[in-house]
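Just so you know, the protein sequences line up as chains A and E, in that order. In the numbering used here, each residue's number is its place in the first sequence (first place is 1) plus 5. In the numbering used here, each residue's number is its place in the second sequence (first place is 1) plus 30.
Just to be clear, a hint being listed does not mean it is correct.
What the hints assert, rightly or not - Stretch-level coverage of chain A by chain E, calculated; a stretch enters the list once three of its residues show a Cβ under 8 Å from a Cβ in chain E:
| hint | region |
| --- | --- |
| 1 | 41–52 |
| 2 | 61–75 |
| 3 | 86–99 |
Unchecked claim - For lysine-lysine, the following DSBU-like pairs were computed, each having C-alpha atoms within a straight-line distance of at most 30 Å:
| hint | chain 1 | residue 1 | chain 2 | residue 2 |
| --- | --- | --- | --- | --- |
| 4 | A | Lys-151 | E | Lys-219 |
| 5 | E | Lys-186 | A | Lys-66 |
| 6 | E | Lys-215 | A | Lys-127 |
| 7 | A | Lys-127 | E | Lys-219 |
| 8 | A | Lys-143 | E | Lys-219 |
| 9 | E | Lys-215 | A | Lys-66 |
| 10 | E | Lys-215 | A | Lys-143 |
| 11 | E | Lys-101 | A | Lys-66 |
| 12 | E | Lys-126 | E | Lys-101 |
| 13 | E | Lys-101 | E | Lys-186 |
| 14 | E | Lys-185 | E | Lys-101 |
| 15 | A | Lys-151 | E | Lys-215 |
| 16 | E | Lys-101 | A | Lys-151 |
| 17 | A | Lys-66 | E | Lys-126 |
No lab work stands behind these hints, which were simulated from the structure alone. Even for Gly, the Cβ is constructed at its ideal location relative to N, Cα and C.
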Amino acid sequence: MIESDAFVQALQDIGVDFFTGVPDSILGGIIAELMERRLYTPAVREDEAVAMAAGAYMSGKVPAVLMQNSGLGTSLNALISLNVIYRQPCILIVSWRGYQGKDAPEHLVMGEVMPQLLDTMKIPHRTLSEKAAIDDLKWLAETFMKQRIPVALLITKGVVRGLHP
Amino acid sequence: MRPEQGTMQSRAMAMAALLELLTDQPVIICNGFPSREAYKIADRPTHFYMIGSMGVASAIGLGVALAKPNKQVVIFDGDGNVLMGMGTLATVGALKPKNFIHVVFDNEVYGSTGNQPTISNVVPLEKVAKAAGYVNVERVREREDLVYEFKDMLKKDGPSMLLVKVNEMVEDVGRVMLDPPDITKRFMKAIE
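Next up, chain A with everything else stripped away, as it sits in the complex:
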């Protein structure tokens, strides 16, 4: 398992310096670490977080938005009509609830369709693995710089340490 402080440090090392989002239990450890480092600006909705990140990007920051995959639905319009159309990149750290059909009922449909949804939106995505984590983050930084659109890193349960072991 990746420790949350190591994960946050790795994001900072690739240049991310503006963090916002809406919490999920899978992301609990990461958000706690970000708050301890006073790096996290909480949002009330995922599309708000995406738009704040866009404003921060235009002000010279490298932004990341943390969200549960249900929030992808909420932020669809901002991602397409703002980020994609205006070529404003953003790193999306998305928890993959409903992964492999094992979760509460409200997560199952989004959990199943999320990869196709991201493909349809032409948002590049990769699932974080403990073994290839360094590679995954390198890919994240490169895609952000090259494509100038949102790029998603998906996080399944148990890959990064959460709040409750």
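Fit chain E to the supplied structure of chain A, relying on the hints for placement.
Frame of chain A, contents of chain E only:
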């Protein structure tokens, strides 16, 4: 005239009065007619014109305000937009960026889609903002009050909301003739 009683100015007239008072401040302008009118009245590289993503103008402005604490950030918003992203009033009220001036042109209709009524005739948005934690809020109708209060807000620590009651008149304007990626690049360079 539906909104409140008496003579009111058009949004374009109110906007022109405000743009005269601004110089190099970043201005985020919401989608629909407001962006198109601002583009026609005075096109500046410090303007970020939205063409879609309704409801998030103030969130974009908040991102700029947090990342550029030494620049005063102005948002030109509409009542329909504020209602759609009303949660952002709470985020702004909680974070209290001092450099955040939220102007809401309130015509009580969705003007860009055929003047369907909003609900801002019964929901006073500046009171919602005040309750959410905005430091200064004012509701104005007359041009003199608009200019006076905006000048005052430029001098004060925010977050501030200036709600401007306007009529439903729309200027004869075309679309914003800039490619969105160029709007991004130009805005970024202008506020560097």
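Going down the list of hints, with the structure as the test:
1. 41–52: holds (count 6)
2. 61–75: holds (count 7)
3. 86–99: With 6 residues close enough to chain E, the hint holds.
4. Lys-151(A) <-> Lys-219(E): holds (19 Å)
5. Lys-186(E) <-> Lys-66(A): holds (26 Å)
6. Lys-215(E) <-> Lys-127(A): Holds - the C-alpha atoms of Lys-127(A) and Lys-215(E) are around 22 Å apart, at most 30 Å.
7. Lys-127(A) <-> Lys-219(E): At roughly 27 Å apart (the allowed maximum being 30 Å), Lys-219(E) and Lys-127(A) satisfy the hint.
8. Lys-143(A) <-> Lys-219(E): Given that 30 Å is the threshold and the Cα spacing comes to 27 Å, the pair holds.
9. Lys-215(E) <-> Lys-66(A): holds (14 Å)
10. Lys-215(E) <-> Lys-143(A): Status holds; Cα separation ~25 Å.
11. Lys-101(E) <-> Lys-66(A): holds (15 Å)
12. Lys-126(E) <-> Lys-101(E): holds (15 Å)
13. Lys-101(E) <-> Lys-186(E): Holds, at roughly 13 Å.
14. Lys-185(E) <-> Lys-101(E): With Cα atoms ~13 Å apart, Lys-185(E) and Lys-101(E) stay inside 30 Å; holds.
15. Lys-151(A) <-> Lys-215(E): This hinted pair holds, its Cα atoms lying about 15 Å apart.
16. Lys-101(E) <-> Lys-151(A): Cα-Cα ~29 Å, so holds.
17. Lys-66(A) <-> Lys-126(E): holds (20 Å)
Going down the numbered hints, you'll see the structure goes against none, and every one checks out.
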